[in-house]
Amino acid sequence: MKKKAFILSMLIICMGCAFIPEKPAAPPPAIFYPALPQRPRLQFLHSISGESDLGKQQSALQEFLFGKRHDQFLGKPYDVAACKGKIYIMDRMYKKIVVIDLTGKKMSFLNDHGIGSLGDPAGIWVSEEDIKYVADMQRKQVLAFDENDHFLRTYGSREMFEKPVDVAVYGKRIYVVDMDKEQLFILDRETGQVIRTVGEKGEFFKPSNVTVGPSGNVFVTDAFHFVIKKFSPDGKFLGTIGFHGDQIGGFARPKGAAVDKNGRLYVVDAAFENVQIFDDQGRILLFFGGSGTGPGNLYLPAGIAVDDNNTACFQKFADPNFKLEYLVYVTNMFGKNMLDVYGFGHWIGESVPGK
Amino acid sequence: MMLLFLFSQIALAGTIIGSPHDFRKYPWIRSGEICLPCHVPQKTATVPAPLWNRELTTQAFVMYGKTHVQPPSAPVMSQPDGISKKCLSCHDGIIALDSYGGNTGGIAYRFDKDFMGIVPNNNHPISFIYDTALSTKDGDLYDPSTKLSGLTNSTATINADMLFSNRMECASCHDVHNTKAVPGTKLLVKDSAGSALCLTCHNK
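So the sequence lines, in the order shown, correspond to chains A and B.
Note that the working numbering numbers the first sequence so that position 176 is 176, with each residue one more than the last.
If you count the second sequence from 1, you need to add 1000 to reach the working numbering.
Source of the hints: derived by calculation from the structure; they are not laboratory data.
Just so it is clear, the structure is predicted and the values come from calculations on it, not from any experiment.
A hint or two may mislead.
Stated by the list, open to error - Calculated lysine-lysine pairs in the DSS-like style (CA-CA distance at most 25 Å, straight line):
#1 Lys106/A with Lys68/A
#2 Lys230/A with Lys1137/B
#3 Lys1147/B with Lys1137/B
#4 Lys261/A with Lys68/A
#5 Lys163/A with Lys1186/B
#6 Lys1147/B with Lys1204/B
One chain only, chain A, in its complex shape (with noise of 0.2 Å):
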């Protein structure tokens, strides 16, 4: 009876406590890039760990009644790709894809098993239709997942591909980039039949990651000789973007990748520790992030992506004078932030310099 009694008042308590309106905390400045009052183009809105960053609250009644609840956390996060209402991360310490659902809350990992298992997955790509395509070092293959996260199909062999790091797709047609043979694969992406390969007169050295644009040019990141290298779909070489240095415009550790639907490309570099945006000329516009552990820093990044349909889950982290266009994922291997959400977006406040 003692007890019953000590239940419907702690019951109360905790029910009483949902009704107290939590005092507002002052919010912290907003992080832009460039920095106000230059006009801002970018802007820092958050970074995701684990579930709790989801913004799914546990009550007090809830970890009363049911216990605390377990919460998934990011491990090693490397690659992302992002579709309607999810993101894909692709984790090395699980070795395994964690999906997050911006719209349940949740986090859960892709139930790779079977003849689906994954080995060493290394880079991600998920299509408009939320067709997952992973690089799988081990497997020597692509696998690619279902909008029901079930396993499809594979693309190549171990006669085809040594190290198969990154995949993207565009159209009919599939990207991989191996590390090893030092090649860009164009793949049909019906019959899995190999199109074309770059590379084999030595024009790599430890290609690392590929993206495409809009208009379906490739993009592919040719880690060691420190450039982006640019071609057609049909993979024409266009052009390199960047160079080895410190100025800003060049490189040191390039890895991830990705182009917006205006033609600008995001660079990832781990050793500078920050991301730089070139035109669709390949001319520097700004770069971000940089290195320490403050909101908005990176910790030795890896994987970027461009996600243009869920901006509305974010846009209550932005500046009220601050309108979202689309958001930048930068994924970071180490450190207390391990995905990192960029808002790109115009400044609609009081007249600041700059176009």
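Mind docking chain B on chain A? Use the hints.
For chain B alone, coordinates are given in the frame of chain A:
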């Protein structure tokens, strides 16, 4: 010419030439500049670009800009830090082996009863302060300020030879430039036969 080719293929003790970090042995390196993969050349030109940040036309980046981003006084590093970040930027599991998995998840390391961070797959923790206080507290570690490192041709202490700002880092045991590494090892500064390298610091 042939001799030169052969020369480049043979690992020379005491030099980076021919070591695992000499990438010239790969046919696709044309420049042959051995330092470039790890060290970035300095450029001073002004960038002719439509920069969004107009104050930064002569900006130069610094590799791993803030050495030890965590407080210098913190004895326990929750993350790899300092010069070890240089190693981990390539040894990420994709470009090169990531034998170091990080201080998250896996087996808990403890020095005495103090929580030391968590390391998976038997990886040794890095970026932590190893000093007299830690050796006293642990009881099974030599005092790095008095114990000699025992490295070849050295009469200096562990602290002087193997630690960086009193911290254990990747380079405490691995010699990236192969100037003093034991041939046939993974660029270890001391032969691991009989666990000699471990027993440099661990008093077991």
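Here is how each hint holds up against the structure:
A C-alpha spacing of about 15 Å is found between Lys106/A and Lys68/A, which places the hinted pair at or below 25 Å, so the restraint holds. Proposed proximity of Lys230/A and Lys1137/B is contradicted: the alpha carbons are some 56 Å apart, above 25 Å. At roughly 16 Å between alpha-carbon atoms, Lys1147/B and Lys1137/B fall within 25 Å of each other, so this suggested pair holds. Among the hinted pairs, Lys261/A with Lys68/A is inconsistent with the structure: their alpha-carbon atoms are about 42 Å apart, more than 25 Å.
Straight-line distance between C-alpha atoms of Lys163/A and Lys1186/B comes to about 22 Å, which keeps the hinted pair within the 25 Å bound. Under the criterion of a C-alpha separation no larger than 25 Å, the hint pairing Lys1147/B with Lys1204/B is consistent with the structure, at around 14 Å.
Checked against the numbered hints listed earlier, the structure breaks hints 2 and 4; every other hint is satisfied.
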